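Enquirer: Using the sequences provided together with the hints, build the complete structure.
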Amino acid sequence: MKILILSPRLPRADGKADSMTVYRLVRFLSQRHEVHLASFYTSQDSLEDRAALEEYCETVALVPLRKWKSTLNMAIRLPQRRLPLQVSHYLDSRMRKTVDRIIERIRPDIAYAHLIRMGEYLRHKNTVKRVLAMQISQTLNYSRMIKNISSSFYRTLYKLELERVRRYEPEITRSFDSCFLISRHDKESLVGHESINNIFYSPHGVDVDYYSCKQDQQPEKALLFCGVLETPTNTDAVLYFYNDIYPLVKKEIPDIRLYLAGKSPPRSIQRIAGADPSVH
1 MKILILSPRL PRADGKADSM TVYRLVRFLS QRHEVHLASF YTSQDSLEDR AALEEYCETV
61 ALVPLRKWKS TLNMAIRLPQ RRLPLQVSHY LDSRMRKTVD RIIERIRPDI AYAHLIRMGE
121 YLRHKNTVKR VLAMQISQTL NYSRMIKNIS SSFYRTLYKL ELERVRRYEP EITRSFDSCF
181 LISRHDKESL VGHESINNIF YSPHGVDVDY YSCKQDQQPE KALLFCGVLE TPTNTDAVLY
241 FYNDIYPLVK KEIPDIRLYL AGKSPPRSIQ RIAGADPSVH
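Just so it is clear: in the sequence shown, position 93 is 93 by the working numbering, and no numbers are missing.
Calculated directly from the structure, the hints in this document are not laboratory data.
Computed from a prediction, not measured in an experiment: that's the story for all the values here.
Glycine included, each C-beta is placed from N, C-alpha and C at the ideal position.
Treat the hints with caution; some may be incorrect.
[Said to hold, decoys possible] In silico DSS-like cross-links for lysine-lysine, where the CA-CA straight-line distance does not exceed 27 Å:
hint, residue 1, residue 2
1, 159, 221
2, 67, 16
3, 159, 16
4, 67, 263
5, 221, 251
6, 125, 69
7, 147, 16
[Said to hold, decoys possible] The following label-pair restraints were derived from C-beta to C-beta distances:
hint, residue 1, residue 2, range
8, 174, 107, 22 to 28 Å
9, 80, 248, 47 to 53 Å
10, 220, 82, 50 to 56 Å
11, 259, 82, 42 to 48 Å
12, 276, 33, 46 to 52 Å
13, 174, 255, 52 to 58 Å
14, 33, 82, 32 to 38 Å
Expert: Shown next as structure tokens:
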């Protein structure tokens, strides 16, 4: 099959979560299918990853994501309250033209948009079978973040976004042939979810063979948290675990170690590692 994939962030083997997900998807699908990619990129340095993508893709069409343009898009649409800010952030006429040209040229069997941020580029392409990879429900995501965030500024911002995604997600879902979410909890958070019948579930997994211990390795009493540590939800998870759960674990296993693995840890996490010798 000819598969068109739209990505909001340049797919990379060592990128952020969405970037790594698309990279592995491209690599996997290219084994049996003809893959065409359209993606945003944010810096000239990131273009060095293009060669790795061209190894798997017939087409690699990259469009710069201009910060001033994204900010202007959000400012213009803020009073309109129709589109989520994250969707407005990724609206770009050059990407729209790029997607249109690829569809006209290759006539894909399936077009795949990664996250609702890219959904608008396929929303009205009724001549193509379209899949929207929502991953998680943003309605559920922002509802949870509002309950746990300490910053009043971000709580206000998240409330604005929650109002938009709550309306938008059921609407964009019905515009696609199929949509996938991680779990039923994500679907059940959507307004009117009972009448949404084009959802399928695609739980994330781990390559357990790759991460299994080798024969000559000695097991260690340790816990591992792996994720992009600058992401607010991951930061919150680490702090909650360390403050509320880790002391109970240490009480039972005094020589336990906690490894926090991920890029760009904020000061709050760095302080933990600096003060507690069992945390790395």
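Enquirer: Please go over all the hints and tell whether each is borne out by the structure.
Expert: Comparing the hints with the structure gives:
1. Of the pairs offered as hints, the one joining residue 159 and residue 221 is violated, with about 41 Å between alpha carbons and a cut-off of 27 Å exceeded.
2. As the CA atoms of residue 67 and residue 16 are separated by approximately 18 Å, the hinted pair is consistent with the 27 Å bound.
3. For the hint linking residue 159 to residue 16, the alpha-carbon distance of about 24 Å falls within 27 Å, and the restraint holds.
4. At most 27 Å may separate the alpha-carbon atoms for a hinted pair to count; residue 67 and residue 263 meet this at roughly 22 Å.
5. Restraint check for residue 221 and residue 251: satisfied, since their Cα atoms lie roughly 13 Å apart, inside the 27 Å limit.
6. A distance of roughly 24 Å separates the Cα atoms of residue 125 and residue 69; the hinted pair therefore holds under the 27 Å criterion.
7. Proximity of residue 147 to residue 16 is assessed by CA-CA distance (about 24 Å); at most 27 Å being required, the pair is judged to hold.
8. Our hint of 22 to 28 Å for residue 174 and residue 107 holds, since their Cβ atoms are close to 25 Å apart.
9. Separation of residue 80 from residue 248 is about 48 Å and conforms to the stated range, judged on CB atoms against 47 to 53 Å.
10. Checked against the hint of 50 to 56 Å, the pair residue 220 and residue 82 passes, with Cβ atoms roughly 52 Å apart.
11. Hint check: residue 259 to residue 82, Cβ distance near 44 Å, so the stated range 42 to 48 Å holds.
12. Residue 276 and residue 33 have their C-beta atoms about 48 Å apart, which keeps the hinted 46 to 52 Å range intact.
13. Roughly 54 Å separates the CB atoms of residue 174 and residue 255, a value that falls within the hinted 52 to 58 Å.
14. Distance hint for residue 33 and residue 82: a CB-CB separation of about 35 Å, consistent with the stated range 32 to 38 Å.
Violated hint: 1 only; the structure is consistent with all others.
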